[in-house]
Amino acid sequence: MSGPHSRRAVITGMGVIAPNGASTDTFWKATREGIGVLDRVTREGCEHLPLRVAGEVRDFDPSAAVEERFLVQTDRFTHFAMAAADLALEEARLGRTVTDAAPFSVGVVTAAGSGGGEFGQRELQQLWGKGSRYVGPYQSIAWFYAASTGQISIRRGFKGPCSVVAGDEAGGLDALAHAARAVRRGTDVIVAGSTEAPLAPYSMVCQLGYDELSTESDPTRAYRPFTSAACGFVPAEGGAMLVVEDEHTARERGAQVRAVLAGHAATFTGASRWEESRHGLAHAVRGALDEAGCAPEEIDVVFADALGVPEADTAEALAIADVLGTRVPVTAPKTGIGRGYGAAPVLDAVAAVLAMEHGVIPPTPNVFDICHDLDLVTGRARTAELRTALVLSRGLMGSNSALVLQRRATGAS
Amino acid sequence: MTDRITVEELAELMKKSAGVTVAPAELRANDPGFDSLGVDSLGLLGIVGELENRYGTPMPPDAERSKTPRQFLELVNSALMTGA
Amino acid sequence: MSRRVAVTGIGIVAPGGIGVPAFWDLLAAGRTATRGITFFDPAGLRSRIAAECDFDPAAGGLDAEQIARCDRYIQFALVAGAEAVRDAGLDMERENPWRVGVSLGTAVGGTTRLEHDYVLVSHDGERWDVDPDRAEPHLHRAFAPSTLASTVAERFRARGPVQTVSTGCTSGLDAVGYAFHTVQEGRADICIAGASDSPISPITMACFDAIKATSPNNDDPAHASRPFDADRDGFVMGEGGAVLVLEELEHARARGAQVYCELGGYATFGNAYHMTGLTREGLEMAKAIEAALDHARLDGTAIDYVNAHGSGTQQNDRHETAAVKRALGPHAYDTPMSSIKSMVGHSLGAIGAIELVACVLALAHQTVPPTANYETPDPECDLDYVPRTARARKLDSVLSVGSGFGGFQSAVVLTRPREKTR
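Protein chains in written order, with the working numbering: chain P, 21 to 433; chain A, 22 to 105; chain H, 11 to 432.
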């Protein structure tokens with residue numbers, strides 16, 4: 021094993037279960053085309069709520085993705101996670117024969133912002149509707165934030181470092197950074213990412229307290245950051261898991277290196293203090309560039325946080341300008357699928373990797389007439405030579421996070 | 022309500038409480054281990070809990086440690102027969 | 011040469027011990043704080059006992075607005091945090107906020123408030139299509155577990171990396187472990203680390219009832235938590251919060267701060283076995299102990315005390331005994347190993363941090379806290395569990411271990427200030 025200083029964390033596989041596609045290919049096709057899939061909420065028991073539009077994952081059959089027992093034993097957010105992890109591991113060609121040979125070299129890190137809300141609501145209903153003896157044994161392991169990490173680790177036999185960031189949105193990038201650091205410290209592979217399932221009735225009622233939430237009922241108008249019509253964000257479910265691997269290990273086994281997790285930094289500027297997030301975000305970007313050994317002008321594209329709250333949009337546009345200037349192309353494909361809390365920036369990271377590979381910046385669906393000094397890619401995808409991408413995320417509880425991804429030519433080391 | 026739990030009822034409970042589908046005929050013919058069926062310790066606790074709620078009577082403590090459906094049925098049915 | 015990380019302040023809210031002096035009194039005396047549940051009517055539950063905190067947030071310095079806005083587990087963290095920051099002699103106004111981080115763990119976060127409001131919006135469990143008009147104003151803060159680290163970060167002006175960690179019952183150890191990495195690897199100079207949970211509510215009690223993990227010894231609550239004892243019958247639910255100020259050693263020295271001890275090593279692994287089940291061999295926990303020792307550049311023989319997970323379930327205590335023997339070898343038999351859960355119960359994610367504070371105090375007082383209620387040896391648990399009475403002992407390096415649902419196995423090594431050798 022090589023020393024920590026020489027170890028570099030790279031992405032070798034990506035698995036996506038998103039509102040616009042339950043595979044990396046379908047996700048990318050819809051993302052590149054700028055197809056928006058936000059729609060009225062249809063999940064049972066949610067129709068009457070003042071939160072009308074969301075990004076639902078409709079093209080996903082859990083019974084086809086995971087063993088039958090998990091349908092009873094785990095929540096929807098864990099179904100997404102197990103399915104996405106399978107897709108990522110398959111793409112990375114990391115089958116059981118490889119991982120069983122060195123189980124302590126493979127770990128799991130997820131970010132979880134809301135846990136198994138639907139499962140929890142069902143068990144609360146049993147308890148309060150019928151009595152404590154009607155609470156099932158799986159409540160103890162399905163609702164809590166650690167469920168997805170634990171289930172992936174057990175189902176795939178991974179005994180490496182396992183972690184859970186119970187973060188806000190920015191936690192998704194923090195989970196990827198956790199994974200990168202674990203790889204640099206000596207673990208060969210970490211399966212990392214985030215999936216969320218916050219679209220159950222009680223979970224949605226809980227979210228109504230966020231002032232930043234969009235209650236607009238027209239799906240094409242509900243989430244339009246960086247415009248004068250910005251009226252908040254639209255929540256979503258789904259997410260992505262990535263295989264983060266030591267570059268040397270990956271190349272030894274002939275895996276395709278998709279991108280390097282080159283730099284990350286996180287800061288905190290307070291819940292809903294959006295004006296202050298300008299400095300927090302700028303500080304995080306500088307930290308991430310510094311860790312990546314990257315100059316600001318090397319950033320070829322920014323995947324923005326794009327909250328959709330005027331004050332927050334202004335702060336983000338200014339933070340980007342503060343560090344990178346106003347010429348760098350910026351995009352926010354999440355306007356087409358919604359913000360899946362911790363999962364949102366992980367999907368952005370996937371989109372960034374694919375954008376670099378295809379030389380195309382995907383557009384920002386539903387967004388026109390920008391009211392900030394920002395080169396936001398709207399309408400159609402834009403062709404560009406992309407070597408380095410920056411992903412930004414801010415959370416409703418006040419975290420700011422920045423991740424630098426670099427393209428790696430095949431064969432380079 | 023019957024005072025004897027059948028293989029059919031156990032199969033239904035395995036599906037409901039542990040998410041494991043298995044044909045009653047298979048349980049009857051081969052008596053496969055709960056382990057090999059994918060019913061873990063929590064699944065078995067769920068089945069016991071469900072039975073206790075249905076029949077309004079506690080099941081013997083050993084029931085949740087049964088290794089096979091046949092062993093399980095013998096234990097719970099002897100408890101029900103004695104009218105515990 | 012990597013940066014060294016010191017503990018410069020501690021604070022605690024634990025059952026029977028609000029504040030560090032009261033907490034150490036409890037441990038040193040071997041008293042138990044477990045009792046019949048008073049927070050709600052536990053009729054119908056299998057386990058109706060818990061270690062509750064007699065906690066007055068106003069006496070802890072919180073104002074009316076904080077009390078209304080913050081869930082109980084966050085109140086614990088704020089009060090323990092204030093004690094720790096005061097203890098460290100830190101003036102947060104003088105620190106560079108971008109170099110201050112927060113890393114706090116919780117297993118179940120805002121569940122207690124989530125359950126409270128659920129009852130309102132569902133009309134007592136009747137409606138799936140819950141009624142939004144009955145929800146209380148701060149419900150979204152209970153929904154988001156990141157509220158924990160966020161609230162503490164705001165209170166202490168932290169602007170560096172702020173994280174909530176949730177790895178079940180190892181959350182406390184892992185949150186401190188992540189904070190250790192954060193300071194050691196240079197992302198912050200100070201990190202407010204710890205954990206908090208307030209899980210004594212009907213849903214959490216009921217879900218542990220359903221898996222028979224908690225003790226049904228309702229007739230004798232004071233002696234119900236019996237780690238390693240042959241007659242143990244499950245854990246006793248607890249609650250609480252603990253905070254440790256971690257600080258880069260040179261930063262601490264430069265401002266003339268007290269140094270309780272250093273964080274020597276941390277490691278965590280998954281057992282990839284079962285969400286709640288443990289193996290008899292304890293291989294993965296042993297591996298975590300070995301990796302933490304490696305990180306600390308210590309041999310197993312350097313460990314003078316093991317603070318056990320010691321939950322008091324049949325499987326845990328055997329698993330853990332096997333793991334410690336595997337990692338420390340024959341030295342395990344010469345090393346006292348105790349479980350403070352016998353006294354303060356098992357507060358899920360919080361307990362790992364509470365146990366680390368106990369370790370810091372054990373080093374400071376050169377005293378091993380006992381395992382209360384330990385009477386009858388179990389042949390499969392054959393180490394020195396420090397029965398009932400605290401013991402004076404020379405302590406230079408101590409180990410704290412934990413296991414969590416999901417298969418998490420974590421270990422932290424603390425050492426008295428000295429020059430490292432190996």
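Hints are computed from structural coordinates only; laboratory data are not their basis.
Where hints are given, some of them may not hold.
Pairs of lysine-lysine residues, derived as DSS-like cross-links and limited to a Cα-Cα distance of at most 27 Å, are as follows [claimed, not checked]:
#: 1; chain 1: A; residue 1: Lys37; chain 2: P; residue 2: Lys150
#: 2; chain 1: A; residue 1: Lys36; chain 2: H; residue 2: Lys222
#: 3; chain 1: H; residue 1: Lys222; chain 2: P; residue 2: Lys150
#: 4; chain 1: A; residue 1: Lys88; chain 2: A; residue 2: Lys36
#: 5; chain 1: A; residue 1: Lys88; chain 2: A; residue 2: Lys37
#: 6; chain 1: H; residue 1: Lys222; chain 2: A; residue 2: Lys37
#: 7; chain 1: A; residue 1: Lys88; chain 2: H; residue 2: Lys404
#: 8; chain 1: A; residue 1: Lys36; chain 2: P; residue 2: Lys150
#: 9; chain 1: H; residue 1: Lys335; chain 2: H; residue 2: Lys404
Hints and how they fare:
1. Lys37(A) with Lys150(P): 17 Å, holds
2. Lys36(A) with Lys222(H): 22 Å, holds
3. Lys222(H) with Lys150(P): 19 Å, holds
4. Lys88(A) with Lys36(A): 17 Å, holds
5. Lys88(A) with Lys37(A): OK: Lys88(A) and Lys37(A) at ~19 Å, within 27 Å.
6. Lys222(H) with Lys37(A): 20 Å, holds
7. Lys88(A) with Lys404(H): 48 Å, violated
8. Lys36(A) with Lys150(P): 21 Å, holds
9. Lys335(H) with Lys404(H): 21 Å, holds
Consistency note: the structure conflicts with earlier hint 7 alone.
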